[in-house]
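Heads up: the sequence lines are chains A and B, in that order.
Residue 21 is where the first sequence starts when you use our numbering, and the numbers rise one by one after that.
Residue 21 is where the second sequence starts when you use our numbering, and the numbers rise one by one after that.
None of these hints come from the bench; they were simulated from the model.
Any given hint could be a false lead.
Where chains are identical, the list cannot tell them apart; a pair therefore holds if satisfied intra-copy or between any two copies.
For lysine-lysine, the following DSS-like pairs were computed, each having C-alpha atoms within a straight-line distance of at most 30 Å [what the hints assert, rightly or not]:
1. K148 - K55
2. K148 - K183
3. K116 - K183
4. K183 - K36
Number of protein chains: 2
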Amino acid sequence: MTTISMHSASAPALAKMLGNMLTWLEAAKAHATAKNFSTDVYLTLRLAPDMLPFTKQIQIASDAAKGCVARLAGQDVPSYKDDEATLDDLAERIRKTRDFVLSVPAAAFAGSESREITIPRRVGDPLKFDGLSYLQHFALPNFYFHATTTYALLRHAGVPLGKLDYLGG
Amino acid sequence: MTTISMHSASAPALAKMLGNMLTWLEAAKAHATAKNFSTDVYLTLRLAPDMLPFTKQIQIASDAAKGCVARLAGQDVPSYKDDEATLDDLAERIRKTRDFVLSVPAAAFAGSESREITIPRRVGDPLKFDGLSYLQHFALPNFYFHATTTYALLRHAGVPLGKLDYLGG
C-alpha cells in the first residue's frame, strides 16, 4: 500500500534525482570527448558572475540531500570535505550522498514532521522550522534549485540533455 | 499539531514558491526601469537555444502547480490560454495559479497517495503513477525545475536576486 510519510516524501525523491545527476555527468563527459575539450572546463562555469560555479552547485545539492535526511532522522549531518577537483570526483560525491540517503531507515524519520530543525547560517540568526516546514519550504526547494542549476549549466554548455534526463526514467 | 499529508506535502509549498516568483518579477521590472530597457526583453530569454523561453518557463511552472493540485484532488485541471504577452500578464498568471492552488480544500487530497494519475504526453504513451510517486518524482521536481529556470534566466539577465529571494521569507 502506498502511504505518505516524512521518509516517503523525501529520501526516495532525493535518491532518484541524485541518480539522474549521475547520468547528466556521463552525458557531459561524452560531450567533452566528442568536442575535444577537458571536462575540467565544466567545473568553473557560472550562469552569472555572482552565482556559484558548477562544482559548488553539486556540492550544495549533496549537502542539501544529506542534510535533509540526517536532520529529519535526528542524526548528525555527515561532513564531506568539498575537495572535489574533477568531474569524476563530483560523480563520486553524488554516489556517496545517494548511498547515505538510502542508508537511513524509514523508521528513523518517525515524528520528524514536528521536530524542531535548526539551520545555521553564515550571516544572521539560525533558521528554525518544524520538520514539515523544513522539508517543504527549505530542503526540497533548495535541493531542486541546485540540481536544476547543475542541469542548466550543462545545457548552457551544449550538453545534449532533455527534460526526461532531468526527471529520470 | 504538525502532520504530513498529500495536501501539506504539496499545496503550501507550491503556493509559497509562486508568491516568491511574483517578487522576482517585481525585481525584474525594477531592474529594467533602472537600466532603461523594456520588460518585454525578458520574455524571450533562453539559457540554451533549445530550451524554452522565459514566458514558457512561467506558463509551465503554472501548469505544473495547478496540474499537481487538481490531479491529486481528483478535479479537472483548469485550462489557461497561454496568451500572456507581457511581464504583467505573467504575474497575473502566477497570481491566478496561486489562488487556485490555495482554493482546493485539504480534504479533497485524502487518499490521493494511492490514486492512479495519468499524464498525457506530446509523444508516446501517457505516464502513469500512483499519487505519491507522481508528487515526489514528477510534479514537485518539474515545478521546481521551471521555477528555478525562471530565476536563473533573471539572474543571467542581471536582476539582483539571491537565494533568499528564491526560497522566500
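Hints and how they fare:
1. K148 - K55: The answer is neither: 47 Å in one copy and 38 Å across copies each exceed 30 Å.
2. K148 - K183: between (34 Å within a copy, 17 Å between copies)
3. K116 - K183: both (25 Å within a copy, 26 Å between copies)
4. K183 - K36: Answer is both; intra-copy 15 Å and inter-copy 24 Å each pass.
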